[in-house]
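These are the residues of each chain, in order.
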Amino acid sequence: MSDIDKATVAKIARLARIKIEDDKLDHLAGEINGILHWIEQLNEVNTDDIAPMASVVDAKLRWRDDQVTDGDKQQAVLKNAPRAEYGFFAVPKVIE
Amino acid sequence: MSNYVVQGATGDFEVVIGLEVHAQVTSNAKLFSGAATDFGAEPNAQVSLVDAAMPGMLPTINAECVRQAVRTGLALGAEINKFSVFDRKNYFYADLPQGYQISQFKHPIVGEGTIVLDLDDGVSKEVGVERIHLEQDAGKSMHDQHPQYTYVDLNRSGVALMEIVSKPDMRGPDEAGAYLTKLRTILRYIGTCDGNMEQGSMRADVNVSVRRPGEGLGTRCEIKNVNSIRFVRQAIEVEARRQVDIIEAGGKIDQETRLFDPVKGETRSMRSKEEAHDYRYFPDPDLLPLEFDDAFIDAARASLPELPDAKKTRFMEALGLSDYNASVLVAEAETADYYEALLAAVADKTGKPAAGVASKAANWVLGDLYGALNKAGLAITESPVGAVAGAELLALIEDGTISGRIAKDVFEVMFTTGKNASTIVDEQGLTQVSDTGEIERIIDEVIAANPGQLEQYRAGKDKLIGFFVGQVMKATGGKANPGVVNDLLKPKLDG
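The listed protein sequences derive, respectively, from chains A and B.
If you read the first sequence in my numbering, its first letter stands for residue 2, the second for the next number, and so on.
If you read the second sequence in my numbering, its first letter stands for residue 170, the second for the next number, and so on.
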């Protein structure tokens, strides 16, 4: 895998809406590369004929019945919102 | 059907269209939570803490949404994948509290299928379906309620959607319209989506590109979230024209997301969204792969009703209906249901085979009944004249009690008063006169009263027979059986 550069870190940060000062980008790129290289050690293991694993435990996806068992809790849902009006979340205007 | 072309200054261009339809799955609860899906509730009243993406909440899949996606795939003759995977599609938006949409990227639940379009003049065309995947809907943002704030309602957040992706097989606005119409019909027949575009339960992203005939595919633009079939057609027309103008001016098309503005009749770039389209898909670690067995698929298949194409074929082959009548009757499941109930009741009341009365029944539904419903602004399910009541009227025509002409008057009274046909016929004394003695007496009177016309008729003016029929009908208040009148009149006139 190619190394993560400063510009890529800045892009990922923007996509995740995390503010990172310019002078921190180089340092973070180094840390991310360190983690990636560490994980890439797994490439040394031969995985031919081994099916991709979705979970470390031998479990199947749990299904639920199609019944309404939740909701009707507007107050609770809005409780932590910085701003709520008329039952809506009120967020800074999104300009299209 | 002639091919749709956009005429440019330097020659003709062909249009290539693919559609991604988002269809809301009919279910009581959401895809991964137990909150309700009903339309029109108080804001944020149908939101669980899972839908609001509170920390620590985990998704659990709704079995019915899986079953509905499988039924949809089967109805489109598509391959069903017994193993599929949910991925996270990451993007940032105020009405997406998770910061990602749970969707299916690499391994969708349904693979390739086909939709047969019914085009003009009985022509049909197959359009490929690339895939169907299950995903969560986002919440709803309202930007026009407050000068500084956007209001967000999460009731729709987490509702199950099927994204039905076509192959780029369509070549004009008519075909795109026919595709959406047919898809909507099928979804409504099988009950996996209500197809209500006004309420947003079905919306389309439209991919459009143009090329000179014989060239490879051009660069496409995606027009997002078009919410009516009419707008899809308009959007294609204006977008194709825009692209042709750019190419002919020596420019090139940028692959981008665009928005259709029906008021201005133009599409415009949504550049603000471009950068966000780095979705960084990865398998959702909260969800194991979605797996089911053949028995699950078989049960889903067994639950499907007769599909519109099969019904249309049966109407034409077993009942002898015309292509046009059959197409119109099967277009809405409710119309087909009404017609079938009507036909069964007519056959039952008259003792005649269904095929013998099928065309008359179809003409009545599409003529008298549709005319009255349209005028009154009612859907067929709201008809004041139900299928059994309609059948009684048709049976009265069949057994000769009333003429077809009188039946129209009776129907009008039925429609406005809700009374049944035989009551109206009795009350108003509309029973057709088939008594030959009675009719013969009237014919004699009419002939005696019109010696001039009789002379002209006998001198060779054959057409005057119409005049005599008219006089007899007038004298009987329209109740004389026209067949009997014709049979008796001609020998008497001929002398």
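Worth double-checking, as some hints may not be accurate.
Unchecked claim - Below are the SDA-like pairs computed for lysine to any residue, each with C-alpha atoms no more than 20 Å apart in a straight line:
1. 309/B - 53/A
2. 61/A - 613/B
3. 74/A - 266/B
4. 258/B - 248/B
5. 251/B - 53/A
6. 61/A - 453/B
7. 94/A - 309/B
8. 336/B - 309/B
What the hints assert, rightly or not - Pair ranges (Cβ atoms, derived):
9. 229/B - 81/A: 34 to 40 Å
10. 83/A - 471/B: 49 to 55 Å
11. 42/A - 417/B: 55 to 61 Å
12. 42/A - 252/B: 38 to 44 Å
Claimed, not checked - Rough simulated footprint, nothing fancy, chain A against chain B, three-plus residues with beta-carbon under 8 Å:
13. 203-217
14. 227-241
15. 309-321
No lab work stands behind these hints, which were simulated from the structure alone.
Each residue gets a CB set at the ideal place from its N, CA and C atoms; glycine is no exception.
ask   = Straight-line Cα separation of residue 74/A and residue 266/B no greater than 20 Å?
value = holds, 17 Å
query = Regarding the pair residue 336/B and residue 309/B, is the alpha-carbon distance no greater than 20 Å?
reply = Not OK: residue 336/B and residue 309/B at ~29 Å, beyond 20 Å, violated.
inquiry  = Between the segment 227-241 of chain B and chain A, are there enough contacts, at least three residues with CB-CB distance under 8 Å, for the coverage claim to hold?
reply    = Contact hint for the segment 227-241 of chain B vs chain A: holds, 7 residues under 8 Å.
key: Holds or violated: residue 251/B to residue 53/A, with C-alpha atoms at most 20 Å apart   = Between residue 251/B and residue 53/A the Cα gap is close to 16 Å, so the pair holds against 20 Å.
task = With a cut-off of 20 Å on the C-alpha distance, tell me whether residue 94/A and residue 309/B pass.
result = Roughly 14 Å between the alpha carbons, so the hint for residue 94/A and residue 309/B holds.
message = Check whether the Cα positions of residue 61/A and residue 453/B lie no farther apart than 20 Å.
response = holds, 14 Å
query = Hey, residue 61/A versus residue 613/B, does the alpha-carbon distance stay inside 20 Å?
reply = Given that 20 Å is the threshold and the Cα spacing comes to 90 Å, the pair is violated.
task = Mind taking a look at whether chain A covers the segment 203-217 of chain B? Criterion is 3 or more residues with CB to CB distance under 8 Å.
result = It holds, with 10 qualifying residues against the three required.
message = Assuming the hint says 34 to 40 Å, is it satisfied by the Cβ distance from residue 229/B to residue 81/A or not?
response = Taking Cβ atoms as reference, residue 229/B and residue 81/A lie about 23 Å apart, which means the hint is violated.
message = Verify this for me: three or more residues of the segment 309-321 of chain B with a beta carbon less than 8 Å from a beta carbon of chain A.
response = The restraint on the segment 309-321 of chain B holds, since 11 of its residues have a Cβ under 8 Å from chain A and three suffice.
task = Using the Cβ atoms, figure out if residue 83/A sits within 49 to 55 Å of residue 471/B.
result = Because 51 Å falls inside the window, the suggested range holds.
query = Is the distance from the Cβ of residue 42/A to the Cβ of residue 417/B consistent with 55 to 61 Å?
reply = holds, 56 Å
Checked against the numbered hints given earlier, the structure breaks hints 1, 2, 4, 8, 9 and 12 and satisfies all the rest.
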